[in-house]
Structure formats: C-alpha cells, structure tokens
Amino acid sequence: MGTVFTLDVRDLAPDSEPVDRVVEWWQWVDATFSTYRADSAISELADGTRRIDECPDEVREVLARCRRAVEASDGYFTAHPHGRLDPTGLVKGWSVEVASRMLRDAGSRSHCIAAGGDLRSCGQPVPGVAWRLGVVDPFDRGRVAAVVAGEDMAVATSGTAERGAHIVDPVLRRSPSELASELASVTLIGEDLTHVDAMATAAFAMGRRCQTWLEAQPGLGALVVFADGETWSKEGHDGPSLQVL
Amino acid sequence: MTTRSLTTPSALGRFGPALKVSGSLLGILLLLGAKTLTSDPAGLGPAVNLAASDQGSVTGPLITTRYGPVQVRVTVAGGKVTDVQAVQLPTGGQSGQIADYSAPVLRREALVAQGAGIDAVSGASYTSQGYSESLQGALDQIAAGQSPATPSAPSNGQG
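First to last, the sequence lines map onto chains E and S. Sequential numbering of the first sequence, starting at 3, is according to this note's numbering. Sequential numbering of the second sequence, starting at 70, is according to this note's numbering.
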C-alpha cells in the first residue's frame, strides 16, 4: 500500500517549476520519513543507528510538532503508536501543508491538495466560487455525508473504512476494535492540516468521548459518525460552512 | 513504485464546469507510512514517462490483494492520463472494513453524479497497493508501445 498525493493546481502549468518542486519535496519526505524504508532518517533514528543531531532539520521540526500534538490532544496523539517511533500520523498532513505554502509562495491562489483523503485547499477554484470538499459516508463510500465549503481549509478524516481498525488508544489502551465499536469516522476542519490531521487521529483514539473534547476546541469544525450511524457535527469559530447531507 | 501522471484540464472538465480552467492535476504515489507488499523493498521504481503520441486505453494486470482482485483501465490521450476506471474491485467485506480501491476519477464521477458538485473528497482512500500496481502495469504497457487493449473482465466497481 502507499499513499497517493494529488495536486490540483488551477493557476500553474503542469510542467511549471513550483509543481516540480512540490513533487521533489514529497519524494524527499518519503525518503526521509517513511517507516517502511530501512534507510530513512526516521527508521535509522528509531533503530538507534542515527542520532537526532544527524537528522535533517525537518525531522526535528516534525518531532517538535508531534510533542505539541500530544499536549494539544491530552496525550491521545502519539508518535509511538506501536511502541516504536512513527510520526506518520503527523507527517502526511505536515508535508501537504508545506507543499501548499510552497505553491502560495510561488504565487498560486487556487489549488487543492489531497493526501490519502486528507485535504488542503487554497483560495478559490475559479474566481468568486468557494471550494466544495466532500466528506465520505463511512457506511456508503460512494456517498457524500457532508460538504465543507470555503477557501483556505484543511480537512482530515480518520476512521476504520480505509485500513480497518488500526488506530490505537495511547491513553486508556483500548483496542482498535473497541474504538471501532464506538466510532466510524471523525472528520475535522480547520486551517492548518498539520494540526487538523493529527487531531483527527487523536480524536478517533478517544472513542465516543471525543465529542466532549471537540466541543472545547473552538477553532475546529467536526463531523463525527458513530458506529451506530448517528452523527454529531459542529462548525469551527469563523470556520468554513459545514453542511451535513 | 512512483506513479506520476498529469491529467489535462479538459479531461477533467466533463466532471463539472468548475473544472474547466487551466491548471494541472497530478497524482504521486508514495510509500510514506504504508507497508509495501511488493517484491521491490525500496518500492520506488522509475516513473513512467508517456510520449506525446501515446494514446488509447489499456487494461492493467489483475492484481490479487488481501481484499480481492483489483484491475484498472487507463485512458491516455496526447501523452496524458485522461481517465482511470476500475475494471475489477473487491466487493463486500464487513461493515467498516471494506477496502476502497476506487480511482479518484471514478470517485469524483460518482459524487458529481449525485449532484453534490464536489471538488475533492476527504475520507476517500487513495491508498491501494493493487490499484497502483495495476495502474503502473497499464502505464508500462502504454509506454512500451503496446496497442490499446479492451477490458474483458466485467465491471463490478463500487465507484
């Protein structure tokens, strides 16, 4: 399995230098952070064959962001989901956030990036029109459960539909299948995909009580689909509109 | 394996008026945080470079995954991937455990068909070993100059 990164840039040509730079960036991220490549900096760091000061600056940046995510989520985000260093839960969103910044720095004001179902939009797809980002119904994956409309948005979904029950609960140590018996998917909406992606994973790890935690996060919009099919949603403060269908 | 494909905006236009603009759509498959099941441990083979004269549709190899068979059909015009369709996809499975092998294009098509007017989808899984392997196989065939093939397997896609 792999993760497909999709770049939808409306105001830059396919062969433009910024687009090429983003592709090179993701290839570098893959080579540096993949936990399934024995020679990546992350693998060697986890193996103890490389010291943190021998790693690229970006590795220290990611680990610092992981520590902040742990604090922000009351410990429900973890960079050691299986007892071994694995910051993947944050790297994907972070690498997309950096890619979006690279495109914005190159002048793009109209793009949407997807990475394994997590999204970061910028500006407008066409002048005067908002991006419309769908959230898949975890029980009927050909159907949209909700639509998020806005301009600069980060949307991330954690759930069991993609890879089965795989998210671990680092606090109460509940099993992935126990979490899956409470939740089908958690979709979060915010501005920074690094934060939103990590918090979506953390919220799923909380199980049903993620609703209480999310109510105390004014900056995040949310759509929670419970395992029994019930849904709960809220819009973030000054956030994009969320229409549950 | 890295699949890098550029899709022409015009090909996307048929999915909605909002997409009829200049720009680029690009997909790249990375192994980031995902276990590779291929015999290629490094996982990153050369990307396929399509010639401008490459065109037609090719059905990729049938890939057997833990979730079932996966096969995709790729359409190329002017050296660009213009469409990807699933010929065979795994079906069924336990609720919440269904592997999603639908191509982004298929997904977009299905979603637009229900009138939602969606630009992109969160929660859709674009992670699929079988999907990417079959896609890669089809692109390799096109790059090798094989004549377009016709899919013989019935379509049972869930997209």
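Quick caveat, the hints were computed from the structure, so don't treat them as lab data. Careful: at least some of the hints might be erroneous.
[To be verified] Some chain S residues close to chain E (C-beta under 10 Å, calculated; not the full set):
1) D188
2) A189
3) V190
[Unchecked claim] Label pairs and their calculated CB-CB ranges:
4) S:G125 with E:L174: 53 to 63 Å
5) E:D59 with S:L131: 25 to 35 Å
6) E:V131 with S:L131: 36 to 46 Å
7) S:G125 with E:W27: 44 to 54 Å
8) S:L131 with E:Q29: 38 to 48 Å
9) S:L131 with E:A15: 48 to 58 Å
10) S:L131 with E:R69: 28 to 38 Å
We put the CB at the ideal spot given by N, CA and C, even for glycine.
**Item:** Structure-inconsistent hints, enumerated in ascending order
**Value:** Hints 5, 7, 8, 9 and 10 contradicted; others consistent.
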